[in-house]
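With the hints as constraints, model all of the structure from the sequences given.
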Amino acid sequence: LQQAYQARLLLDNLLKGLQFQLYDHSWVTVLFDTAGQRFLSDLQYRTSTYIWWNWKSTFLRIFGEDEACQEAYKQIGSYIQENITQRGHSISIPIPQNCIRLCIQNAKKFRELNNKKTTVVVNVIKHVITITGDRDAVTSCEQKVIQFLDNFSQLSSHVDEKKSADTTNTCPICACDFDSPYALQQCGHTFCRSCLTAYFDTYFDVTISSDAFKLSCPLQNCNAVCLIRDIVSILGFERMTRLAMIAFQIYIRQGENNLAQCMGIDCKQVYRLSDRSSMYFCDQCIKVYCTPCEVEYHTGMTCEQFQKLHNEKDEDAILQYNLGKSTCKACPKCRTPIDKYAGCHAVKCTLCNTQFCWRCLATDDTDIHRHFTDPDSPCYNRMLDNDTVADELD
1 LQQAYQARLL LDNLLKGLQF QLYDHSWVTV LFDTAGQRFL SDLQYRTSTY
51 IWWNWKSTFL RIFGEDEACQ EAYKQIGSYI QENITQRGHS ISIPIPQNCI
101 RLCIQNAKKF RELNNKKTTV VVNVIKHVIT ITGDRDAVTS CEQKVIQFLD
151 NFSQLSSHVD EKKSADTTNT CPICACDFDS PYALQQCGHT FCRSCLTAYF
201 DTYFDVTISS DAFKLSCPLQ NCNAVCLIRD IVSILGFERM TRLAMIAFQI
251 YIRQGENNLA QCMGIDCKQV YRLSDRSSMY FCDQCIKVYC TPCEVEYHTG
301 MTCEQFQKLH NEKDEDAILQ YNLGKSTCKA CPKCRTPIDK YAGCHAVKCT
351 LCNTQFCWRC LATDDTDIHR HFTDPDSPCY NRMLDNDTVA DELD
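Residue numbers are given in full-length UniProt numbering: position 359 of the sequence shown equals residue 359, and the series is strictly consecutive.
Since the hints were made in silico from the structure, they are not lab data.
It should be emphasised that the depicted structure is a prediction, and the values quoted were computed from it without experimental measurement.
Relax, there's no trap hidden among the hints.
With a straight-line Cα cutoff of 35 Å, these simulated DSBU-like cross-link-like pairs (lysine-lysine) come out: (1) Lys308 x Lys348; (2) Lys287 x Lys74; (3) Lys126 x Lys108; (4) Lys144 x Lys117; (5) Lys74 x Lys333; (6) Lys268 x Lys287; (7) Lys308 x Lys329; (8) Lys109 x Lys144; (9) Lys74 x Lys268; (10) Lys329 x Lys348; (11) Lys287 x Lys308; (12) Lys268 x Lys308; (13) Lys348 x Lys333; (14) Lys109 x Lys126; (15) Lys74 x Lys308; (16) Lys308 x Lys333; (17) Lys74 x Lys117; (18) Lys340 x Lys308; (19) Lys329 x Lys340; (20) Lys144 x Lys108; (21) Lys144 x Lys126.
Now the in silico label distances, taken between C-beta atoms and shown as ranges: (22) Ser48 x Gln97: 50 to 58 Å; (23) Cys285 x Asp367: 52 to 60 Å; (24) Ser278 x His369: 52 to 60 Å; (25) Cys328 x Lys308: 17 to 25 Å; (26) Thr170 x Gln19: 45 to 53 Å; (27) Ser48 x Thr373: 47 to 55 Å; (28) Met279 x Asn257: 19 to 27 Å; (29) Met279 x Glu82: 38 to 46 Å; (30) Gly77 x Cys328: 33 to 41 Å; (31) Glu294 x Tyr50: 21 to 29 Å; (32) Asn381 x Val288: 54 to 62 Å; (33) Arg335 x Ser78: 29 to 37 Å.
Built from N, CA and C at the ideal position, the CB exists for glycine as well.
See the structure below:
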């Protein structure tokens, strides 16, 4: 039974792949910009692995042979740390009040400044542009951003802005007259539709962190929650669906909710944790799982027994454990399991052609039969005995 579960464990690990957890939004930014995606594509080719990820997840899955997966895992970690270090230099450029509207309208210009060495983020709520990356590249990008702002400022100076003392016609975000005004339904505060779009996008890009994922009214000192109908109206239904999925994942990860996602491979089912039972049945996977061990339920084994088997890292020790429960022995050279059901103790591995003694596992490159005719051998004149050296020691 334990041998069957060991095989099942190896199969489960193969199907699940090696998981690389993305603990911070900055890791996602590094891995999934243009340069990061090229790195992952090249890494798959170089290591003969397949790397899976989608936007619903906060982790990667690496599929392939164990050594290849471990190598890919190591290189991904090194790539993230190296690039985060390179992107460690950051500066913030304040957006002049009269340039906010034009910054929103020309957001594409700032996105085009993003490249392998720099990342540009326009925060219309804090009225600041942040540039992060290599120090020299940041300095170069800073000059371009300042030039954009100078141009926007000159354009604004030619516009006849007849601002009323009554600020009810002024957007709290861009401080300009309303352009296609939209009133949030929870609190009634009004903003430009384009400003709200930029505001929602700001939080949409940092959803890997539950602390950052808080969609509330952008007006200072107003903490009214943005209603779903507001988000759908501003972002559209398709993007709202994605946002809802991310919010759902964050909700599940909050421990106080006592919820967990099914541990089946890419299963979307959610179940409620229970103190009364250590197993649960998933009606989507049609399988029973052990929640403490996070595997398909190990019938006939306690959690302690299964964990002891699971935590064994030495493959040779696992093999020896399994062989110790059967009549098989491992070839002394290639470790291939071999079973001898009849005949003498002179054995030859059909995989690597190694000749060895079944009793003591001694090898001979030319003729193992000499092992049984040597007076100094522990197996002298015992080529047909049914016992083993281990039996004698016992």
